[in-house]
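Peer 1: Top to bottom, those sequences are chains A and B. Take the first sequence: its letters are residues 914 to 1094, numbered as in the numbering used here. Take the second sequence: its letters are residues 57 to 307, numbered as in the numbering used here.
Simulated from the structure, these hints should not be mistaken for lab results. Mixed in with the good hints, there may be bad ones.
[Unchecked claim] Straight-line Cα separation of at most 35 Å, DSBU-like style, residue types lysine-lysine; simulated pairs:
1) 938(A) - 1049(A)
2) 241(B) - 97(B)
3) 938(A) - 228(B)
4) 979(A) - 243(B)
5) 243(B) - 184(B)
6) 241(B) - 986(A)
7) 1049(A) - 107(B)
8) 228(B) - 243(B)
9) 255(B) - 938(A)
10) 255(B) - 265(B)
11) 61(B) - 97(B)
12) 205(B) - 184(B)
13) 138(B) - 938(A)
14) 938(A) - 202(B)
15) 938(A) - 61(B)
16) 1049(A) - 138(B)
17) 228(B) - 97(B)
18) 202(B) - 979(A)
19) 255(B) - 180(B)
What follows is the residue order along each chain.
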Amino acid sequence: MRTMFIFFGMLFTLSNAEFQVSLLKESDGVVTGRFADSLLLSLPPCAFATQSVTLEYNNTDTNESKTLVNIFKVLPCRFRRDIISTIENNGQFTTSRNLGYQVTNLTTGSTYRFLTPVASKQNLKHSFCMLFISVKDPNQIDSGLPARSGAMVVITVILSVSMFILLVALIVTVAHSLGGD
Amino acid sequence: MADGKGFTCLMVILILGNIFGAAAGLALCALAIWVAVDQFKLYPISGVSGKDDIFAGAWIAIFTGFAFFCMCVFGILAAAMKSRALMLTYLILMLIIYIFECASCITAVTHRDYLVGNSNLVKKQMLKYYAADGDSGSQITLTWNKVMKEVECCGTDGPVDWIEYNSTFREKFGTDYPWPTHCCKRKNNYDVVNVEACKNGQNTTMFTKGCFNHIESVFSRYTWAISWYGFAVLMFMFLLLILAMVYYLML
């Protein structure tokens, strides 16, 4: 089983507000935030609106670094095309919700460390989270017999016993009738 | 031996029992035909893995069900004619059919445990054969596409199966589509509602439940038809045969 550790840091230079960078989960409206070679990350909150976001990540296995500069500006809670959004329309009004940003072209089986300075000021606050991606080999799945069900045991036992009784009874019947003749 | 009331009573019971047994045998034959026809078209899932003895049990039950019908009609004749030779023939042939029917019941219920006891076998097969080349690959692909479309499900336990495990599908098509597009919701004209949203995993645009529940319930239904109904018929035939042996001894 190969695993990839992803270590995120996002630096923000605004006030003392802090937020947690995290992987998107089911409660955010997606099936999973972890794909084979990409991840869905949560967005910085709207309080940092119009700040440019730069993402720097480091593969700790091979020690390669990559920086995505100015990938997007923190959103003022409005729809943006390059951010993953979901639009819900119930016939009366439409709401759009921005879910996250997808980091792609990652390598399975590597450890990454992410760092994002939003702007270069002082009072940097950062938050980190550890993420694991694993891709398993399907040949490892044990597809042998899991367990015998109760139905199987009952049917087999009762039918075997009844077959035996019938066979014995038939032999006794034929022997008796031949002996009687 | 005695030609008294007890003897006549036993003969009547035997004749009535054989009439009922003939009906039960015919019903078994019909039910086994239903299983063999496989209206849910899930045979490839069991066939590719080599564990298709639920259907083998169904085929045996078609023949034993019809054979029970024929032998019970013969039994009515044998009991009414009070002939020892005919009754002995009846007993021996019924025992042979009984043993075959037992084999059918036991085989069907045992192989159900192998196939759908847990989701591992079905999942492994899906990951290996979906989108694979060859006969097995195309059969499994068609079957899964049908199931995903009709039951509105994705993956065995859920769409995450496609991500957690490597698969032939991923090796063939890369990681752009994390799961087959049959996992995506479609409009009435069969267009995908939103391909990008489906690729990102937004749960409003794709099916998020697993298909294993449906597959397991179908195979269980087939198995209970063959094994439990066959068991009921055999228990009835057991009593009938014991009575027939007593009648034979009284002849």
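Peer 1: Residue 243(B) and residue 184(B): Cα distance at most 35 Å?
Peer 2: holds (29 Å)
Peer 1: Is the straight-line distance between the alpha-carbon of residue 255(B) and that of residue 938(A) 35 Å or less?
Peer 2: Satisfied, since the Cα-Cα distance of roughly 15 Å is no more than 35 Å.
Peer 1: Decide if the proposed pair is consistent with the structure: residue 1049(A) and residue 138(B), CA atoms, cutoff 35 Å inclusive.
Peer 2: violated (70 Å)
Peer 1: Are the Cα positions of residue 202(B) and residue 979(A) separated by 35 Å at most?
Peer 2: Since the Cα atoms of residue 202(B) and residue 979(A) sit roughly 43 Å apart, the hinted pair is violated (cutoff 35 Å).
Peer 1: Checking one constraint from the list: CA of residue 61(B) to CA of residue 97(B), max 35 Å. Satisfied?
Peer 2: At roughly 55 Å apart (the allowed maximum being 35 Å), residue 97(B) and residue 61(B) break the hint.
Peer 1: Does the structure keep residue 228(B) and residue 243(B) at a Cα separation of 35 Å or less?
Peer 2: Status holds; Cα separation ~27 Å.
Peer 1: Between residue 255(B) and residue 265(B), is the straight-line Cα distance small enough, at 35 Å or below?
Peer 2: holds (16 Å)
Peer 1: Does residue 1049(A) sit within 35 Å of residue 938(A), going by the straight-line distance between their CA atoms?
Peer 2: The given pair, whose Cα atoms are some 20 Å apart, holds under the 35 Å limit.
Peer 1: Would you check the hint for residue 1049(A) and residue 107(B), treating anything up to 35 Å between C-alpha atoms as holding?
Peer 2: Judged against 35 Å, a Cα distance of about 25 Å means the pair holds.
Peer 1: Is it true that the CA of residue 228(B) sits at most 35 Å from the CA of residue 97(B)?
Peer 2: Given that 35 Å is the threshold and the Cα spacing comes to 26 Å, the pair holds.
Peer 1: Taking 35 Å as the top limit, are the C-alpha atoms of residue 938(A) and residue 228(B) close enough?
Peer 2: Within the cut-off at roughly 28 Å; holds.
Peer 1: Is it true that the CA of residue 938(A) sits at most 35 Å from the CA of residue 61(B)?
Peer 2: The hint is violated at about 79 Å.
Against the hints set out earlier in the document, violations occur for numbers 4, 11, 13, 15, 16, 18.
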